[in-house]
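Place chain U on chain S using the hints.
Residue numbers (our numbering), protein chains in the order written: chain S, 1 to 346; chain U, 1001 to 1413.
Note that these hints are calculated values from the structure, not bench results.
Each hint can be trusted.
Cross-link-like lysine-lysine pairs, in silico, BS3-like; alpha carbons within 30 Å at most:
#1 S/238 <-> U/1343
#2 S/236 <-> S/265
#3 S/244 <-> U/1405
#4 S/151 <-> U/1306
#5 S/194 <-> U/1306
#6 S/194 <-> S/215
#7 U/1335 <-> U/1117
#8 U/1335 <-> U/1111
#9 U/1343 <-> S/244
Computed footprint of chain U on chain S, listed as stretches where at least three residues anywhere in the stretch have a Cβ under 8 Å from a Cβ of chain U:
#10 152-164
#11 171-183
#12 196-203
#13 251-260
Yeah, the Cβ is synthetic: ideal placement off N, Cα and C, and Gly gets one too.
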Amino acid sequence: MFKVFTSSQLSLTSSPRSFLGVVVGRHLAIAALAFMAGSAMAQVIPGNRVYVSSEKDNKIYVFDTQGQRVSAIDVCQRPRHMMFNADHSQIYVCCGDDNALGLVDTVSGKMTGSLPLDDSPEIFDLSPDGKIVYATIEDDSTMGAYDLQSKKKLFEIKVGGEPEGILVTPDGKHAYVTSEEANVVHYIDLTTRKIVKNIRVGTRPRRFVLTPDGKQLWVSNELSADVSVVSTEDQKVKHTIKFKIKGIRANDITPVGMALSTDGKSIWVGLGKANHVAELDVATRQVRNTVLVGKRAWGMVPHPDGKILFVTNGMSDDMTLVDVVSGKAIRTVPVGRVPHSVLVQP
Amino acid sequence: MLSAAHRVIFCCGRAQLIGAVCASLFGGFAVTAGVACAATLQPVTVAVVSLAGDPRYAPKQLERAYPEHPAGRVLDAARMAVDDTALALQEVGVALVLRDVQLADAQALPKALAELKSARVQHIIADLPPELLRALVQQAPTVLNGAMVLNVSSDSDALRNEACSGSMLHIYPSRQMLTDSLAQYLAARNWRKVLLLQGPLPGDQLQAAAMNVSARRYGLKILQTKPFKLSGDPRDRDLFNTRLLTNERDHDVVAVMDSHGEFARILPYATQWPRPVMGSNGLMAMAWHPQWERHGGPQISRRFQKQVKRPMQSQDWASWVAVKAVAAAMGENPKAAISQQLKQLRAGELFVDGNKGPRLSFRSWDGQLRQPILIGHGDGIVGLAPLEGVLHPTEVMDTLGTDEKESKCQMRP
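Same shape as in the complex, but just chain U:
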């Protein structure tokens, strides 16, 4: 399902294509900027691959707007980043062009990759469910003669460990990074006794597993793990009644592991005792928050809101950073082969500005972008992980997620 517009552009001759790039990217800019959009700009296409019928983007699901779920397609943020990086790339004679690829289903992947190959695409921003992302990163490097796959929405720890790939860069934080951030915050507050509520979905179990690892790392005590279930059946009331689920008195916080979001939504202020809720609602760990007000945060959130007419979410931020990572590699050496670009990025030699404070680089062992994580709630930010006082022998941001010695990833570019 390639958009017709792109087909038309790519049917043009080279000169026309370059002309189209100049016109569409820079608009009036090149004229006023004085430094002309020379006819020598080399177009580099970045494909944004997603699933056409992705349930996360179903209209009703978007309406529910569960916290930390995407609020719209990541193409919007990628587009913003193409504009943001255009000027710097113009200096090295490159213009990024986006190509929206929405797969009908998993079976559509080989054909889509073949089309990308004929368009000589090697950079892919992936907004896919974990299984499909895994298939993509297994096939793309062979089909495309080398590929850089940038994951902007999956938090799968497996894709960063046993199922990792040397061709993958993860912009979106791993689940372990998110639960480590929360655990650091709880430890810093000395809210150490946790009641864990876990849903029935596989995603809920994975969240709970990560939370257990984080609890061990930061000395939290999970007093009890209780299953919850969405139901109205009086025989199941122990599983859905929020007061019955939280009636023991001893815990400091209620951690809810709910990848779906519906149960977590009704939990805050509905517990038996006045205890804060965290995890899938209440206090959350996030890659981005539209109210983040330091380090140039308001500038990109405002720009995004202006252009896309919705607040910028974590997945949008990741997509914006993904394009910037491609631009960083291109800016360093526009002629470098994709394998060299991957090597440089994963060696931590190139940096990306994510408007979260420090310059950001990729971990060599699993391709994860090391980054500060925002701790907050729907309304604002209360902390930034790594928390002050947390120490690491070389890089404090590596206290979040899988560190080099724990990594099960064997694949390097």
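Bound-form chain S, shown alone:
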């Protein structure tokens, strides 16, 4: 097996290919490996999977979409934010204490490599062509751009203290970055590598969701207990959605994680210390429903079929499966210490 793997590695490195080419090449290599090992494993990306990064266990836990634990993948130190690559053959995971982006092969269920980043990266986004990683570097207060193929840093931009959320616009020309310390969203021109505008939002801004029409950028503000809605046309805050929820004190509402529903009509917001997630109507910006989940609900993602929302609860070390239609929690399953992000492969 060792020999086969070595030759496949050689075939990867010997031919200069595009990024996508590398991915295809790796698939072929893995196919060859599986064939020679006599495995019956199918060479397709495993479906019916939910991936959860656990900050303190240095693992990605793998579940089926009903919340049954399947396996665990050893990754890197303090895995946090995750994203799939274009064809879902790889998971990119931010390794907060390794200062790197881990590359995890979804077929083999193994971490196969990494891309060096800078001190304490937390959240990242990809260029539309999938070639560049843009990450917020907490300790240096920068946004770094890194080339996935050459594994080289392209540039960095100094931003406000404790940058966190990052979103690259669909045309790849701009990025939005939150600074938790400065209470602004930086609107960055990725071509000129300059901050175009600092948009004042609420207190401790954290994460983003772009509405399906691309016209509104929703920003969660953890300590002012609200969401700022920024117009992507003039980069101005058009609305501030205040959360007032019966039975929950304002101080306990700490919005962080957000996710767009599968039908694009609502945005889910994790209310942190309030132990609830709220479903907001995109058009009216009204709270439709709130669902009790676990402690400090941050990470969340809906199943592409739109029926289940997976919510990771950072302080109760579990994940809640929410029935989107009935607006009720179905079950909560343990996931290991400090779950951060969640991905679904239907």
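Just chain U now, with coordinates in the frame of chain S:
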């Protein structure tokens, strides 16, 4: 004792001054940040007032590093906060400038205030002993035509009650908040029987008084209060021998009230029975701990360590938050008069992010910053007050310290 550098800067013309602010605050930042440091930034000076010969900062005292005693001057943390808030304030056209004022003694106060007046300073971060802090807050508002005094190191309950001031904001927790936090923790664990050891200093007595109030509030039983004394005299052995002091068997914990720290240092593991020590050593209530690992704690502790080359202490945290409170008021309305800023802050309308979880606001009745208190020991954190299960009709953080109905403070801004 104003630093020469500041005098030089303040002798400059306005344009030069603004230029200096831009250069020193933002360094290369403004250039890379793209949004230029416009020449219209209005400098707002915040004075950090302390005592030059403060015994807490004597080199030998710093070397002893008693837990919860300051580990260095609070100016360092204020400087960090000025950097942290620079970008947000730039958006409203303001740049904070720090001015280090070290008083030679209490007599130097009027002259220092006169100098602050001529520099049009109205924001003062105070790291002073209680008597001097009281003098400052009595004189400053008149001399400076209104002043905001932010207390970052005194835990005096008197300064928050009968001797309070409408111009004062207390960032550092009161002694009562600290003992309430410990009492909540003990009650939650059902460690209710307390042996209280109290030193001879006035600070020790004040700590013991606060502990007694907390014990009544949370149903702890103080079985006995015994005085201790640092001595080697065999005739005084009942007062300094840790085994003799702790030889009754019935107590669950030993609470030591030692504002100095030397006796408390030798008490853990030196008791007659295996009982935990708390108060001035062992299990302690703290505003900050460098090992606090939630809510962005590691980010500021790491940043502080990097910049100042020592771990961040409670007083440093308070100083960092003090600048952020000034920035919050400035960010809301940079043109507001100081009295209006005080009113807004004390009305609980403005919030500060202290990296301890909830957003923090000031109590209207005494100007105290309501905040979670960390319960822990030299090595780490074991709990966070208010403890889970403690209830309050409006704001659970107000279970710590003097609540509105108990407050003896009559002064409001």
